[in-house]
Amino acid sequence: MTANATPVARAAAPVASPEKKKQSRHLGTHFFLTVICITWLFPLVWAVYTAFRPYSETGANPRGYFSVGGAYNFDNFLKAWKDAELFQHFLDTLIVAIPAIILILFFASMIAFAVSRYSFRFNIALLMLFTAGNLLPQQVVITPLYRMYLALPMVSPISDNGMWYDQFFGLIMIHLAFQLGFCTFVLSNYFKQVPREINEAAVVDGASVWRTYWSVLLPLARPALAALATLEFTWIYNDFFWGILLLTKGWKFPVTSALNNLSGQFFTDYNLLAAGSLIVALPTLIVYLVLQKQFVAGLTLGSTKG
Amino acid sequence: MSEFAVTQPVSSTAPSASAGGAVLPTTPAKKRRRRKFSVLTRRDRLTLVFMVGVPAFIHIFLIWVPTVASIILSFTKWNGVGGIEKIQWIGLRNYEVLKDIYQPFWPAVQHNFIWLGTFLFIATPLGMLIAVILDRNLRGSRIYQSVLYMPVVLSLAIVGFIWQLIYAPGSGFINNFLDVVTGSTKWTTPGTAIDWLGNHDLNLWAVLVAASWRHVGYIMVLYLAGLKSVDNTLREAAAIDGANARQTFFRVIFPVLAPINVVILVVTVIESLRAFDIVYVINKGLNGLELLSVLITTNLLGEASLIGFGSSIAVVLLLISIGPIIFYLYRTMREQPE
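These protein sequence lines are chains A and B, in that order. Sequential numbering of the first sequence, starting at -1, is according to the working numbering. Sequential numbering of the second sequence, starting at 422, is according to the working numbering.
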């Protein structure tokens, strides 16, 4: 993956020598940033610390939560993993996220290719519709959508109750519909910057529209697709709303939506709650730390020029 | 999906030397021409219709059809039982109930606006300020960025849980800390403890601190990307003219960044209107944490399933969000090369 759209890269580059002299004068700034960073890290650090301590050590006085000493172990993590059936919920997340991401990128790249390489009368109208749809609060559509999901039929292997409601399929479709706007916009900007000569060369070689898209333009978009896939994974993983509204069977809930039940189960045991939250937070934190470049690139591709 | 992002077209005149240069093989914009349909074969045309038609259908069917349906249903009474023929037209009755009788409505509107105000006047400016500081190529800038951005990858539901560990009256950090510092136990004792998330005068502010924790990093990254794309010669020119850092920013950089400022503004407004997860995991959006988004959900999932009534709240949310959306579309499409 060679996505290096991140403008952030420049920040790390060595700077000119006059800048070096200034570094010493930046003490106040560093102090300010350090204080902010410590404040920002604190809630996460506190959650980690709490998660490693058994409830028996912290829940009861005299020790309390703001203390050191006593046992530290992984018991809360193991218990949260088992009690909340997190394995099943992680699986649910993947069942929804993987097809959703593939479909989103496939459909978004198709429409982006078409609107950026060919001119339709309704090009702009279409892009406006997609962008506006991307900006709508989900709650605006949920009431009729919920009824539609109950009414729409679906065949048996895809749906186990004949409806769109309470189905992984239904969840995939709404993610697809909502995320198309963002990805289409990013990809159409991307395609617009590819020289048109590439298209023309393909046409001269007798390539069909589909072949131009699939074998010529799509491979060129790999960096953008990688960045978008990273971003979309995080967003779909983090979805809470669609999960709790469009599913009803407990075992089907993707992991973020499953948290809603977790709060009931772990009602008083905050150590367990900390451990459960951290397990669920871990995948996105890892994705972010490992694929930081892709992540920021995806976000900024859509929001800045370039 | 609690997450959200805004898109913006690449202007045809944008210099490709900055951020974009790394992304793509670029071409001078003026060379761009529009291909006419006439050179396409029949099959190619069908392919294109399919390529545009299928995604457009899915999007319109699942987003715009329900949006229009929300508007229509808001003038009706329907509890979802007994099919569409049971829907009764009741005119503006739902809106009258909303305005005069339904108690959580005005608090929810107020909370949404407090949310917006806090983001707009505190969290967003803080994120922009940090971006401006980090843009000065400080040593360790990457580390600061990584730390501040970290909460953004968490869902607001997780943020809600993590902050409950800070706020919980008996087990939370704040009250336990106060206990140790004051050498008493009254801070964590039921009755005398401050219930940060339970007290309806405090909880909205407590939640806003948690939500801002995430929002600041988001704005920071968006704005930093904008700042990096500013041509450095502008800064140099300002410096030669004797402008100080503040003047350079407010007189030169900020106006140049008008497009990204629009993005930031719209992100802030829409995120404030979409807020849902965090209050829902804390207390299902009751007792001081009412928001329009939550009221819609409660009416839909509640035992009575007041579909027409819930839709009227959705229409209010739509009306509030349509302004920023149109503003954004207007600003971005104006730059669209066409």
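If you are wondering where the hints come from, they were derived from the structure by calculation, not from laboratory data. Do not rely on the hints blindly, as some may be mistaken.
Label pairs and their in silico Cβ distance ranges [unchecked claim]:
no. : chain 1 : residue 1 : chain 2 : residue 2 : range
1   : B       : Asp662    : A       : Gly26     : 55 to 61 Å
2   : A       : Val46     : B       : Thr610    : 22 to 28 Å
3   : B       : Gly723    : A       : Ala69     : 43 to 49 Å
4   : A       : Phe30     : B       : Asn682    : 20 to 26 Å
Simulated coverage check for chain B against chain A, where a stretch passes if three residues somewhere in it have a Cβ under 8 Å from a Cβ of chain A [as the list claims (entries may be wrong)]:
no. : region
5   : 483 to 496
6   : 512 to 524
7   : 555 to 569
8   : 642 to 654
9   : 692 to 704
10  : 712 to 723
Cβ coordinates follow ideal geometry from the N, Cα and C atoms, glycine included.
Tested hints:
| no. | hint | result |
| --- | --- | --- |
| 1 | B:Asp662 / A:Gly26: 55 to 61 Å | violated, 26 Å |
| 2 | A:Val46 / B:Thr610: 22 to 28 Å | holds, 27 Å |
| 3 | B:Gly723 / A:Ala69: 43 to 49 Å | holds, 44 Å |
| 4 | A:Phe30 / B:Asn682: 20 to 26 Å | holds, 23 Å |
| 5 | 483 to 496 | holds (count 9) |
| 6 | 512 to 524 | violated (count 0) |
| 7 | 555 to 569 | holds (count 15) |
| 8 | 642 to 654 | holds (count 7) |
| 9 | 692 to 704 | holds (count 6) |
| 10 | 712 to 723 | holds (count 7) |
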